[in-house]
Each structure stands twice: as C-alpha cells, then as structure tokens.
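Chains as they are written, first to last, in my numbering: chain A, 1 to 166; chain B, 1 to 857.
Don't read these hints as lab results, they were simulated from the structure.
Among the hints, erroneous ones may be present.
Listed below are the simulated DSS-like cross-link pairs for lysine-lysine, each with C-alpha atoms no more than 27 Å apart in a straight line [claimed, not checked]: (1) A:27 with B:176; (2) A:13 with B:213; (3) A:145 with B:22; (4) A:145 with A:65; (5) B:176 with B:213; (6) A:138 with B:213; (7) B:257 with B:213.
Below are the chains, spelled out letter by letter.
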Amino acid sequence: MIKAVMMLNTQGKPRLAKFYDYMPVEKQQELIRGVFSVLCSRPENVSNFLEIDSLFGPFSRLVYKHYATLYFVLVFDGSENELAMLDLIQVLVETLDKCFSNVCELDIVFNYSKMHAVLDEIVFGGQVLETSSAEVIKAVEEISKLEAASNSISLVPKSVSGWRGR
Amino acid sequence: MSSSSTSIMDNLFQRSLEDLIKGFRLQLLGESNFISRALEEIRREIKSTDLSTKSTALHKLSYLAALHGVDMSWAAFHAVEVVSSSRFQHKRIGYQAITQSFNDQTSVMLLITNQVRKDLNSANEYEVSLALECLSRIGTHDLARDLTPEVFTLLASSKSFVKKKAIGVVLRVFEKYHDAVNVCFKRLVENFESSNPQILSAVVGVFCELATKDPQSCLPLAPEFYKVLVDSRNNWVLIKVLKIFAKLASIEPRLGKKVAEPICEHMRRTVAKSLVFECVRTVVSSLSDHEAAVKLAVAKIREFLVEDDPNLKYLGLNALSIVAPKHLWAVLENKEVIVKAMSDEDPNVKLEALHLLMEMVNEDNVSEISRILMNYALKSDPLFCNEIIFFVLSACSRNAYEIIVDFDWYVSLLGEMARIPHCQRGEEIEHQLIDIGMRVRDARPQLVRVSWALLIDPALLSNLFLHPILSAAAWVSGEYVEFSKNPYETVEALLQPRTGLLPPSIRAVYIHSAFKVLVFCLGSYFSSQETTSSSLAQESSSGSSSMNAFTHGSILNLVNVIERDLGPLSETHNVEVQERAKNVLGFIGMIKQEIAEKLDLQDNETESSRVTAFMEDVFSEEFGPVSATAQEKAGVPDGLELKENLVDLEEICGEFLKPVESESVSYTDKISFSISKLRIRDQQEASSSSSPPDEASSLLAEHRKRHGMFYLTSQKEDPDSNSTHSDYPLANELANEISQDPFNPKRKPNQSKPRPVVVKLDDGDESRITPQAKKNIQTAKDDESLSLAIQSALLVKNKGKEKDRYEGNPNSGQQEKEESSRIENHQNSENKKKKKKKKKNGESSKHNCTNHDGEMK
C-alpha cells in the first residue's frame, strides 16, 4: 500500500500532499516538514530510498526523486517493491509531462485539480492501479471534457440547461 | 429568476481556486494573514445556496487544507450538499473534499450513503469512479455494508476502467464489513482468468494485501497464484505474486519447493531489476532452505553490489542482511565490497554495510574488526560514529559477552570509546563497565586501570555525554579498590575541584567511592600495624602488586585531604551529595582523633579500628548481576496487606474515592487517607477476615505453592531470625546460583590467556540492546473474522467449482483440495499445453500496455 504521495519544492513548500491513511491536518503538516528536513540534507548521487520509521511507523519506506526544483516523494510499506515505486514516480512525471508538455513547477502549482486527476488515476485508495501514461491521459482528458461540459451551462438559466440535457 | 441572478453575481465576483493561488503568490501580507482572510471569505461563500458558489468555496478550502494545514472538518455538511449536485464538476469537488477530510468522527458520514449509491449506479463511468475512490478511502462499516450489492455489480462491469477500481475497492470493503467476502469473493477470484493485465494486476494487488494480513486464509488460492507466477510476463503482476508467495511459503514450506524453480527462471530471464530484486528478496526471506535458489539469489546480489548505481548497491546490501543469519558464507564472500561500502557517501549504504560487518563478527576476528570500526568512527560524522559504537557494543555484549575472549582488551576498548569525540553512547558503556565488573572477576584489575585513566583526566568532566561513563569509572574504582595501584591518587581524582561540573547524582557516586577507598586504606593500615613485619602485599588480594606502603603520614594526609574537600559539600543544596559528604565526614570524625594522636594502634579495640572494621565489612559484600526476574521470585512479605485496608477505605469514603479517573478528590487527600489506614496486620487476621476477594487469595495461594521456598514461614512463633534467613535465599546467591560459564581452551595457538569466567544467569538475563527488527517480521494485526470469512468463502468457491466441472465447464481439472496436487495437475496440463503449443488463457504480455520492461535499468 502506498501511504502518501508528496511533491515538495526545494524550499519545503508542498505542491501536492495526499495521505491515504486518514490523519488530522496538523499531523500532515508535521509529516511534510519531517520529510523535507530529511530530504534536504541528502547529498546528490546517493540512493533514492529512506527509512522513515520515526515518521510513518514501522516498515515504512520512502522513495524520492529530485527533478529540477521539485522532490517527488512516495511513502509506502512492505507490500510494494522499492524499484517499482521508483519507476512509478517516473510514470507520474512522464504523464504530467505529456499532460502539460515540458511540465515545470508552475504548471503543477496552477493546475492543482488536474494534477490530482492524474494522480488519482494512477494510485487508487493506496493501491497502484494504472501504470500506463497513455491510459491515464485518456482518462484525465475525459474528465476535463466532462468538467468543461458541466461548466458551460453555468451562466445559462435553469430552464435552458434542462433542455440541453446533461 | 432572481435567485439565479444573485447566484450569477455571487459567482462572478467569487475568487476561484486559480485566483486564490495567484493571490497567494503575489501576496505581501504574510502567509497566515492571507490564509485567514481567505478562510473568512470561504466561510461566507460556502453558506450560499448556490451550488456553484458553494463548490468553488469548498474547492478552495480543500486546497488550503491539503497544502497549508487548515482544518476543514467543519465543512463536512457542505461537502455532502455539493456532492449531490448533478454537475460533474461539483461532484468531483465534493468527492475530493469528502475523501480528503471524512473520517470515523465525521457525524454526517451517514448522509452520503445514498448519494454514493446513486453514483455507483451511474451510467457515467467517471462518476462511478469518483464514488469508488471515495468508498475506498473513507469507507466505514456501515457504508461498506450498504454498498456491497453495488460493488458486487460493478465487479462484473464490462468497462475495465470501472472493473479495476471495483476490484481495488474490495479491499476496503472486505476490511470493514467481513460479510462482504461471501458476496464478492467468487467474482473477485474469477478475475484471475482475465486477459487484461490491469485487471489481473488489481486482483493480485488486493490479494497481496490480504496475504500480508493473514496468509493462512489465502493459502488455498495458491494454485491460482502459481498459474499467474508461471504465465504472466507483466512485471507489476509478478512482483505482487512474489510477495504473496513470500508470505505463503513462510507458513507452508512445501510451497517453497514448488515455486523455487519458476522463481529462478524469472531471475535468470528478466532484465527488469525490480523483478530480480523481488525474486531475490523472496528467495532469501522465505525460501532460504533451497540451496540452489539461494545460490542464484546470492549471485544476483553480487551483481547488484558491483553496480555503480547507488540504489542497487543499497538494495543488494539490504538483501544480503536478510540472508546473513542463515547463510553467512554469502556475506563472507562479499567482504571486500562491504568494507568498501563503509566509506560510501550514502548514509544508507554505510549503515547496511555496518550491519553486515557486525554479522561477520566472531570471537576470532572481533578485535580486528573492532579496530577497523574504531578507526572509521573517529573519521565519521557523529551519527554514523554513534551507530558504529552502538553496533560494536551490542555485538560484543550479546549473550553475556559470548564472543569476547580477552576481556582486558575489551575493557580498554570501552575506555577508548569514551575518548571518541562524538561518542554519545555513555549509558550503554556505563552499563557494560559495571556489568563486566560484576560478572568477570579476572577483568577487574584492568577495569580499575581503565577507570583510573578516565577519572584523572579533567577534560572529560566537561563532556556531558561522558558523565555516565565517569560514574561507572568512579563506582568501579571504589568497589574494586583493592586492585588499585595508588588509592591516594584515586581519591584525589575523585575529589578534584572540577567534579563540581558533574550532576549531583554522579557526584554522589564519586563521594561514596572515595569513602570506600578511605575505608580500604584505613583497613589496610590497621592490619599492617598488627602484623609488624609482614608486607602489605600478602594481605591485599591478587593484582595489586605495587601498592604504596600505608604509612601513618600518608593516612593522615589522606584523611585531611578528604576532610578538606568534602567540608564545603556538607552545606550544599543537593540532599544526596550533602548526605554522602556528611557520611564520610561523620566517619572521619570518629577516627580522626585517634589517628592524629597516633594512639597505640596495635590495640584492636580502639574505636577507630573497630569502626573501620565495621565499614570494611559493609563494603566487603560482593555485587553480582541481578536477574530480571528476581523481583518476582521474592515473595510477598509476611504481613503486607494489599486488599484489606482498601475495603475499609471503601466504606468510609466510598462516595468520593472512585476509580482513578475521578478528579473530585484532590490527590493529597487520597494519599493521606491511605497512609493513615495502612496497618500491617498478622497473617492470622488476614486469613480469617471478612471477605478478601477470592481471586487475590487464590492467586496468592498458587504463588505460594510454586515458590514456597521463598515465603517466610507462616507460623507466627518465628522470631528465631536464623531459621527465616535460611529459608530465604540471599539475593546474591539466587542470581549466582546458576551456570558459571565453563571456559574452553582456545583454538588459536597464540591465545596465551584463557578466557576468564563470566557469570551468566539462567534466566532473566535480559539483553539491554534490542536488536533492530528486520523488515520481514510481520506485525500486521490478524483479523480473525476476516480470515474466517475468507476461508469460508473459499470453501463455497471450491464447491462451486466442482459443480461447474460436472456441468461440463472446460476448466482444467484442479478439483482436489490439496494444493500441491492441484499445482502438479497444473504443471501437467501446462506441459501438455506446451506440447500442443496452445496458448494459455492469456496473461501474455503481448496485450501488455504497461511499460515495465524498460524500468529501472
């Protein structure tokens, strides 16, 4: 199971933080800070894995990847393979790249909703369900279309929207 | 019309999430100000009746909650409203909010059931997907129960997009509502036949989690898993199946035999490192008895270790440490790599290497390895340095210092550790110094020597982390003063001015040790006076060959020095220090007169010699290690009432002496009551008293039966103290009574000194340092009813399959209950099919859309 997904920038600001086990928001912020403090002290060219029992409980592992100004972090337990998780980050980044073409941190900042859509297609309730970027993008595009469609009737009075159908 | 126009107005001027984010980045006010203003806005907007306004507000709130730690639980009801909108965008926002913030405490959880049900039945698969995600993240027992039928339907959905998520949600539903297992299990398992790799991946993922929680219940499905293991070419699927087998094989060893070969096949064939690693991990953790598999796995580990990629190196070392306990040869083979890894820049790698190094330690190489490690420690950063020290300490002290042959060397090593600049393991070193002193008689001279070196160094006194070590050094110097070369110097060291830097508790130890030294010196002096011509060396025990002659002058000097140094301490604030100082000064007061006047000390009856003899007696009893269970063995002393008084208390102040949670009575009242009421009564009275609770007395009787010899005699005509003492073994005796470790002559020819005797306790010898738990120990709670549910579902399924066969279902003949024969059958049919070149039911990777052959180098 995946316990959490985070994207932090190199100053420690979270750009995305999703926790698959419920915990109160203060705890979440605490964990984000904890993860950041461990990450920022890591030298370059070392392994991408960390043991973070103190933060997330026993048998938790963390894999991170540093892309430009962002740290992509996945926290998981013993049911996931470390290298596969590393690969999953790769999939996530590739998908974002295809979505936004040459994605950078700003894209992620301003497209909060879309990012979540992408992530939700890949990780469902803590389990990895989709690993193909193409499939994910297909689904995300569909979702965007649906949202746009539902938005286009926002300024039209109800009677007309009723005629148009959903 | 007017309502929609106001909503248009609301909407037009409402800040959207994008606006919020932009505003955030441009704001100059300070983040928390900005957030509180935004929150105010949100609170206003969210109350609007217009769903668009509401949902935008909710959206902003979710954003703030996730990234800025703002609490959003108060908006739960609004989220319920938003989710009921027919517009997809609103629904999405609503579900996101719900998924993010709802938990067991949310009171409005019940309100979403119907909405979720509606959405699960929706024709729009994206709405279904939203509802499924919600259920999988926050599903409660009630939700799971109410929505099981819908989940059941969705498991058979024709759209794989929906089906895979339905499979995913099953995990949570099963967990929260066990009866769902009966309903959904069959459909779940049918998906093993699926040709869609994502579906298969989902199913296998779910079973991986279930197997982690309770492997026993998934055992009957082993044939299905085996089929997947052999046929699938999808790495994600294979990894999960391997994890499942790792769990299953640890409880069912026969399974190991069957899967070893397919796993080795995968290891040889695949290029995906993740799969190789998982195979290796499975082999070394659960199939460690299969030599061939282990050999192959170790070869693969070696490949990982020599790669440049730090990840592979780290994982290789990790796998090696799993295999180490049973197959030390694997570790020894890779010794050079491990030692090299100790100086890697990656802290993870260093730590793993250290751990492996310690696995290789045995009594022949312990000194060599410790030497290497100490050198590393001096050069390392504080964290790693302390890890090294910790590992050395724990390895050497394991099993009462099993691997140590030369204690003199080890004791000096402990002293060396104290001098390492970053050392923070003072407490453990302290414990070991004292422990060795108690257990290993022959090591005491060296202990005293090392302690002396530590005590006389004034620089060490200022290092906070070393204080525990100094405390031990002081204790040792006092307790085993007979081995000391120069007790005067010891006393000077113990009372030097810089000891003021020590915390009071340790200072007290110093003072008390000085006391012991003083008594020893006086005792030796007096006894030397008696025997006019014989040298002191005969009197003192072995080891203190070069002791100064105790002249009158030196003794007088000693007494004066102590008096001078301790004098000011008798006024100090700290009670412990003051008390100790006063003890010593009091003693000195008793003897000083006579010493100063140099009375005829050949007379044994002088007060000072009597007093000295008395104190010597006090200090002569030897300390031994105490068993951790010693306290239990000491019986409840006669006459101690544990229940009786409290019953009385109940009568008198029952109305306000409630169980602990009550805050109505102040603590002091309670205490004063209990103290006044506590009387120690006779055993007789106790046994005949009103109504001691049956449980307590029966427990006591049982305890007495088992440990009768430790109880004092119940007859009250005991006053003969001798008899009670003989019934009641001395604590020391108890601890020492068992197994003195026999010593074996060394194999190594150049080991001149035999290993000294180490006192070990039979039981209750706790190791203080608990070894770090390794990853493959399962700690998941076993959910009894869930596993029962799964097992019963499996029985049903098996019966169902039989029926199928009789109806002519072209399923391969796997109807026997025994999984091994089922697997054999499968293997046979596999072979037949291979011969006929018939393609298997299709988890072939040609349909594979995942790209995991190119993964991770």
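A quick look at each hint next to the structure:
For the hint linking residue 27 of chain A to residue 176 of chain B, the alpha-carbon distance of about 24 Å falls within 27 Å, and the restraint holds. Straight-line distance between C-alpha atoms of residue 13 of chain A and residue 213 of chain B comes to about 36 Å, which puts the hinted pair past the 27 Å bound. Proximity of residue 145 of chain A to residue 22 of chain B is assessed by CA-CA distance (about 24 Å); at most 27 Å being required, the pair is judged to hold. For a cut-off of 27 Å, the pair hint linking residue 145 of chain A to residue 65 of chain A is broken: about 31 Å separates their Cα positions.
For the suggested pair residue 176 of chain B and residue 213 of chain B, the alpha carbons sit about 14 Å apart, so the restraint of at most 27 Å is met. About 35 Å separates the Cα atoms of residue 138 of chain A and residue 213 of chain B, which puts this hinted pair outside 27 Å; it is violated. Restraint check for residue 257 of chain B and residue 213 of chain B: satisfied, since their Cα atoms lie roughly 23 Å apart, inside the 27 Å limit.
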